[in-house]
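Engineer: One letter stands for each residue in the lines below.
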Amino acid sequence: MNKRSSWALPYFIFLVLFVVLPLLLIIVYALQDGSGRFTLSNLGKFFTDRDSLSTFALSLEVAIENTLLCILIGYPAAYILADKQLNRSAVTVVLFILPMWINALMRTLATAELFTMAGVHLGKGTLLFGMCYDYLPFMIYPIYNQLNKMDKSYAEAAQDLGATPGEVFRKVTLPLSMPGVWSGVMMVFMPTVSTFAIAEFLTNNKIKLFGTIIQENINNSMWNYGAALSLVMLVIIAITTVLQKEDADES
Amino acid sequence: MKAKTLAARAYIWLLLVVLYAPIVFIAIFSFTEAKSLGNWTGFSVNLYRNLFTGAMQNSSALISAVENTLLIALAAAAAATLLGTLAAIGIYNMKGKKRQTLTFLNNIPMINPDIITGVSLFLLFVFLSISQGYLTVILAHITFCTPYVVLNVLPKLSQMNPNVYEAALDLGATPSQALWKVLVPALRPGMISGFILSFTMSLDDFAVTFFTRGTIGLDTLSTYIYADARKGGLTPELKPLMTLLFLAVLAVLLVINIRQSKNSEKA
Amino acid sequence: MRGKDTIINIEGLSQSYGDKQVLHDINLYVRRGEFVTLLGPSGCGKTTLLRLIAGFLQPTEGRILLEGRDISGIPPYRRPLNTVFQRYALFPHLDVYDNVAFGLKLQKVPEDEIEKRVKRVLKLVSMSDYEDRDVNSLSGGQQQRVAIARALINQPRVLLLDEPLAALDLKMRKDMQIELKEMHKKLGITFIYVTHDQEEALTLSDTIVVMNEGIIQQIGTPIDIYNEPVNAFVADFIGDSNILNGKMFRDRRVAFIKHEFDCVDEGFGENVSVDVVVRPEDIYFTTDPAKCQFTAKVNSCTFKGVHYEMWVDTDTGYELMIQDYDPYPVGSEVMLYIDPDDIQVMKKERRFNSYDARVTGEGKVMFLDTEFACHTEGFNIGDQVRADIRFERVDLLDHEEGADLTGNVVFILYKGDHYHLTVKIAGGGHIWVDTHDIWDKGDFVGIRILPEDIKLSKALSGDE
Chain A
8 MNKRSSWALP YFIFLVLFVV LPLLLIIVYA LQDGSGRFTL SNLGKFFTDR
58 DSLSTFALSL EVAIENTLLC ILIGYPAAYI LADKQLNRSA VTVVLFILPM
108 WINALMRTLA TAELFTMAGV HLGKGTLLFG MCYDYLPFMI YPIYNQLNKM
158 DKSYAEAAQD LGATPGEVFR KVTLPLSMPG VWSGVMMVFM PTVSTFAIAE
208 FLTNNKIKLF GTIIQENINN SMWNYGAALS LVMLVIIAIT TVLQKEDADE
258 S
Chain B
9 MKAKTLAARA YIWLLLVVLY APIVFIAIFS FTEAKSLGNW TGFSVNLYRN
59 LFTGAMQNSS ALISAVENTL LIALAAAAAA TLLGTLAAIG IYNMKGKKRQ
109 TLTFLNNIPM INPDIITGVS LFLLFVFLSI SQGYLTVILA HITFCTPYVV
159 LNVLPKLSQM NPNVYEAALD LGATPSQALW KVLVPALRPG MISGFILSFT
209 MSLDDFAVTF FTRGTIGLDT LSTYIYADAR KGGLTPELKP LMTLLFLAVL
259 AVLLVINIRQ SKNSEKA
Chain C
27 MRGKDTIINI EGLSQSYGDK QVLHDINLYV RRGEFVTLLG PSGCGKTTLL
77 RLIAGFLQPT EGRILLEGRD ISGIPPYRRP LNTVFQRYAL FPHLDVYDNV
127 AFGLKLQKVP EDEIEKRVKR VLKLVSMSDY EDRDVNSLSG GQQQRVAIAR
177 ALINQPRVLL LDEPLAALDL KMRKDMQIEL KEMHKKLGIT FIYVTHDQEE
227 ALTLSDTIVV MNEGIIQQIG TPIDIYNEPV NAFVADFIGD SNILNGKMFR
277 DRRVAFIKHE FDCVDEGFGE NVSVDVVVRP EDIYFTTDPA KCQFTAKVNS
327 CTFKGVHYEM WVDTDTGYEL MIQDYDPYPV GSEVMLYIDP DDIQVMKKER
377 RFNSYDARVT GEGKVMFLDT EFACHTEGFN IGDQVRADIR FERVDLLDHE
427 EGADLTGNVV FILYKGDHYH LTVKIAGGGH IWVDTHDIWD KGDFVGIRIL
477 PEDIKLSKAL SGDE
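Chains as they are written, first to last, in the working numbering: chain A, 8 to 258; chain B, 9 to 275; chain C, 27 to 490.
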């Protein structure tokens, strides 16, 4: 073994201390009551509480809708940006990333304010639009990257073998760009499920998302219930990751 | 062909207009004095003046929030770059199970949404009874920044001729000389982009800071804005501040882009 | 021989990664000023040996002496040796001058002396006008010259070169070969050169070390290696050759392709199986029936630039390769002879497969970590025995079903009327196979041995 492999040791220790241990603590706290005894009541409370469950369902719904919306709007944009004939300048790509340098909360506040000025009622519609606005760059960039590094000769070979432009897209370009779409999904879906501040601003606190409930519980010192809710979230993450892995392995 | 190109361009520009609308909105309303965001009470540069002279209601809180944000971002990005670069070199030289394990662990903070990172670290600090403040926020930021440094440095390692480090040893450099004179320069582009990415993610972070800052009243720009907005009245001077920040970032990016295109012309 | 002029002495060197041994008991000495080439196919251990000498690897066993001093514990940056790396390994962030000056700057040599020496060494490699150039803008050949200059400026006692010309195109490679040879003469320092290109080795070297599977096969001058290969591997690897099964009747009389020939080899014993090597340029055409030793029909004839390469079928059914300056029409009957001097007789490494085995049951025997059915009459369960299998009795399948073992073809030798394959078995070990079927190097094969083809005998310790 090469000695330089030990250079990763500090980071390994760091990861164990600040990533693995904290995640284990979520599980530990989720399975404890306030005085440190083992209990399933925190999880039980979530699965029997109508409000929590409906918030959870709404969060998933919003996250799925937002992710689909981002793909629908972002994929064509990424495709155009990666096409050398349609877009010749790299600056356009940078322009899509640039807004991310402005504080997200500030941008969200401004978006909400724009809606109010335009007389749009703050609710689920504005929530979806605002989230899509916030997360669109995270969808465009990975797809753009994937399309950009794709070997153009695949598409040419398909054309050469008689595929029409539509078929080339469906049978070659789209399947080959799926890894980019998946990393886009990972970067959009999970943050949307768990977002709190953004949702509060965009709906003027009318719609509560799952993240807000977690935040409220933690802030009100209900750590064990907050941890249980986080654990539910962790399970969702694990499922999404496994699904993504399987899809990536297939292609 | 022409129509297709036109449609494509129109689509891109439409998206960009929507994307920039709130920023332009902020910029426009930074030139008026009204308290609330969408209220125009005539052109004025007073907000800018206030920002620089500190003649505003809670100027010290805002200024310290900006200072904290920059300080935390700098510290976290620097630490993440150091830690992540060493880790990348280590991972690059690993094989099999060890490498898989570390790559897997490295992925976790990137997959985890902010709130999970925040809550889990909050529980850690509670569990270890570490009082929360600057240190815990910086540690938390290092946690979510380092994976990106690793991911930025690793490709530079595989692009590098694997013999370059050995060539330096062969020519008489000690291992530490070889590191500083050869390895670091070869990895520098990856380290720089890792640093910049870490810096911006730290600047923009809200959720993780929110959970790990404790109760000592430590505010970054994000938590300041959040608290401010929840109180109902956004400090008006935030508008010129954001506008100036945006212009600064724009200028930096333009300079980088122009330099890059000049470089590619040279080569 | 190992006197004062020896600069490097390698004694009993072995190298393993885990349980994979890549170098077996290497013994080698290099004389001062010699141009030594380590030659072999990829994976033969030649680069590992070079890296051990350079100090990038620590030997598992054995030691390396430089001018009589053991350097095994010395890190690479303190060894007075320098390496020219495969694909150059120039520092991409430094220009040509700074790349070359790198070693001297580390030694804190005064700036004006560095400049003088960089200029001198760049002149040596004909790169004088390139000092300020970005190394990425140089062509492959130019980068190679800079890499050589960078290694030479430290005035190493020995220059190690790891396939330095492999990335260059053919024309460039030929030019650089000549330059390297001249540089070696001019500088007078020792070169240890690694390559898989036999032609390059023959052109450049004073001494060639032929390696295969971590073992030194032969050490000798290019002429020795070419004319007197010690085994079929070397004969096949160096130049074109006809390698054939033969039988030594007595001293200076050998039979192969079902004809008898005079030769110059002695000391093999009587009626001993041997391998015979005849180079294609050493089979002569004749019109004199008195000189003719055998006849053949020309099967194909291809122009190769200087000579013609012809494949002929002998009257006894063997295929031979012949190179000659004059072409003979395809289909024509020709008379042929071979000079006794040009017949190279080699001891056979093995005449059949032979393994240490153990009788594990009635009609069952275990070797190569596998249980085989075989006739075990006359042996008891638990007996240590030898299991012998003739080369032509091993069946190769292109699938796993029904196979006793699986493996990959690692070496193929054409013996005029059949192929002799070396198969590396998946679980370790080798089996040698004679077959008429055509396989490619690297092919995956299933191996089947019928019970009646395994011959058991009492185990003799210490014998082959």
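Mixed in with the good hints there might be a few duds.
Stated by the list, open to error - Derived lysine to any residue pairs resembling SDA-like cross-links, with alpha carbons at most 20 Å apart: (1) A:91 with B:16; (2) B:164 with C:118; (3) A:252 with B:108; (4) B:189 with C:133; (5) A:252 with B:172; (6) C:390 with C:473; (7) C:131 with B:172; (8) B:12 with A:173; (9) B:189 with C:212; (10) C:46 with C:31; (11) B:239 with A:53; (12) C:467 with C:456; (13) A:178 with A:168; (14) B:105 with A:23; (15) A:156 with B:201; (16) B:12 with A:180; (17) B:12 with A:154; (18) C:211 with C:247; (19) C:131 with B:187; (20) C:46 with C:456; (21) C:467 with C:478; (22) C:142 with C:123; (23) A:91 with B:187; (24) B:105 with A:168; (25) B:105 with A:21; (26) A:52 with A:35; (27) B:103 with C:313; (28) A:213 with B:241; (29) B:10 with A:92; (30) B:106 with A:247; (31) C:131 with C:158; (32) B:189 with C:124; (33) C:149 with C:212; (34) B:106 with A:154.
Said to hold, decoys possible - Non-contacting residues of chain B with respect to chain A, defined by C-beta distances greater than 12 Å in every case (computed): (35) 26; (36) 49; (37) 66; (38) 101; (39) 142; (40) 183.
I should point out that these hints are in silico values taken from the structure, not numbers from a laboratory. Here the structure is a predicted model, which is why all the values come from computation and not from measurement. Virtual Cβ for every residue (Gly too), placed ideally from N, Cα, C.
Engineer: It remains to establish, for every hint, whether it holds in the given structure.
Structural biologist: Evaluation of the provided hints:
For the suggested pair residue 91 (chain A) and residue 16 (chain B), the alpha carbons sit about 12 Å apart, so the restraint of at most 20 Å is met. For a cut-off of 20 Å, the pair hint linking residue 164 (chain B) to residue 118 (chain C) stands: about 12 Å separates their Cα positions. A C-alpha spacing of about 14 Å is found between residue 252 (chain A) and residue 108 (chain B), which places the hinted pair at or below 20 Å, so the restraint holds. About 14 Å separates the Cα atoms of residue 189 (chain B) and residue 133 (chain C), which keeps this hinted pair within 20 Å; it holds.
With a C-alpha separation of about 35 Å, the suggested pair residue 252 (chain A) and residue 172 (chain B) falls outside the 20 Å cut-off, and the hint is violated. For the hint pairing residue 390 (chain C) with residue 473 (chain C), the CA-to-CA distance comes to about 17 Å; that is within 20 Å, so the pair holds. Note on residue 131 (chain C) and residue 172 (chain B): the hinted pairing holds, with a Cα-Cα distance of about 17 Å set against a maximum of 20 Å. This hinted pair checks out: residue 12 (chain B) and residue 173 (chain A) have alpha carbons roughly 14 Å apart, not beyond 20 Å.
Our distance criterion of 20 Å between C-alpha atoms is broken by residue 189 (chain B) and residue 212 (chain C), whose separation comes to about 32 Å. Between residue 46 (chain C) and residue 31 (chain C) the CA atoms are separated by roughly 35 Å; this puts the pair beyond 20 Å, and the hint is violated. A C-alpha spacing of about 30 Å is found between residue 239 (chain B) and residue 53 (chain A), which places the hinted pair above 20 Å, so the restraint is violated. Under the criterion of a C-alpha separation no larger than 20 Å, the hint pairing residue 467 (chain C) with residue 456 (chain C) is consistent with the structure, at around 14 Å.
For the hint linking residue 178 (chain A) to residue 168 (chain A), the alpha-carbon distance of about 12 Å falls within 20 Å, and the restraint holds. About 17 Å separates the Cα atoms of residue 105 (chain B) and residue 23 (chain A), which keeps this hinted pair within 20 Å; it holds. For the given pair, residue 156 (chain A) sits about 19 Å from residue 201 (chain B) by alpha-carbon distance, which is consistent with the 20 Å threshold. For a cut-off of 20 Å, the pair hint linking residue 12 (chain B) to residue 180 (chain A) stands: about 18 Å separates their Cα positions.
Proximity of residue 12 (chain B) to residue 154 (chain A) is assessed by CA-CA distance (about 19 Å); at most 20 Å being required, the pair is judged to hold. Between residue 211 (chain C) and residue 247 (chain C) the CA atoms are separated by roughly 17 Å; this keeps the pair inside 20 Å, and the hint holds. Using a Cα cut-off of 20 Å, the hinted pair residue 131 (chain C) and residue 187 (chain B) holds, with the two alpha carbons roughly 15 Å apart. A distance of roughly 15 Å separates the Cα atoms of residue 46 (chain C) and residue 456 (chain C); the hinted pair therefore holds under the 20 Å criterion.
This hinted pair does not check out: residue 467 (chain C) and residue 478 (chain C) have alpha carbons roughly 29 Å apart, beyond 20 Å. At roughly 11 Å between alpha-carbon atoms, residue 142 (chain C) and residue 123 (chain C) fall within 20 Å of each other, so this suggested pair holds. With a C-alpha separation of about 39 Å, the suggested pairing of residue 91 (chain A) with residue 187 (chain B) is violated against the 20 Å cut-off. Of the supplied pair hints, the one linking residue 105 (chain B) and residue 168 (chain A) is violated, its CA atoms being roughly 42 Å apart against a limit of 20 Å.
Annotation: proposed proximity of residue 105 (chain B) to residue 21 (chain A) holds, straight-line Cα distance about 19 Å (limit 20 Å). Taken as a hint, the residue 52 (chain A) and residue 35 (chain A) pair is honoured in the structure, with Cα atoms around 16 Å apart against an allowance of 20 Å. As the CA atoms of residue 103 (chain B) and residue 313 (chain C) are separated by approximately 65 Å, the hinted pair breaks the 20 Å bound. The suggested pairing of residue 213 (chain A) with residue 241 (chain B) holds, with an alpha-carbon distance near 18 Å, which does not exceed 20 Å.
The suggested pairing of residue 10 (chain B) with residue 92 (chain A) holds, with an alpha-carbon distance near 11 Å, which does not exceed 20 Å. Restraint check for residue 106 (chain B) and residue 247 (chain A): the C-alpha separation of about 24 Å exceeds 20 Å, so the hint is violated. Proposed proximity of residue 131 (chain C) and residue 158 (chain C) is supported: the alpha carbons are some 17 Å apart, at most 20 Å. Annotation: proposed proximity of residue 189 (chain B) to residue 124 (chain C) holds, straight-line Cα distance about 11 Å (limit 20 Å).
Proximity of residue 149 (chain C) to residue 212 (chain C) is assessed by CA-CA distance (about 13 Å); at most 20 Å being required, the pair is judged to hold. At roughly 31 Å between alpha-carbon atoms, residue 106 (chain B) and residue 154 (chain A) are farther apart than 20 Å, so this suggested pair is violated. A beta-carbon of chain A is positioned within 12 Å of the beta-carbon of residue 26 (chain B); the least distance is around 7 Å. Non-interface call for residue 49 (chain B) relative to chain A: holds, since the shortest CB-CB distance, roughly 15 Å, exceeds 12 Å.
The non-interface label for residue 66 (chain B) is consistent with chain A: the shortest C-beta to C-beta separation is roughly 17 Å, beyond 12 Å. For residue 101 (chain B), the non-interface assignment is contradicted: its Cβ lies about 4 Å from the closest Cβ of chain A, within the 12 Å cut-off. Distance check on residue 142 (chain B): its Cβ is at least 16 Å (rounded) from any Cβ of chain A, clearing the 12 Å threshold; non-interface status holds. For residue 183 (chain B), the requirement that its beta carbon stay farther than 12 Å from each beta carbon of chain A is not met, with the minimum near 9 Å.
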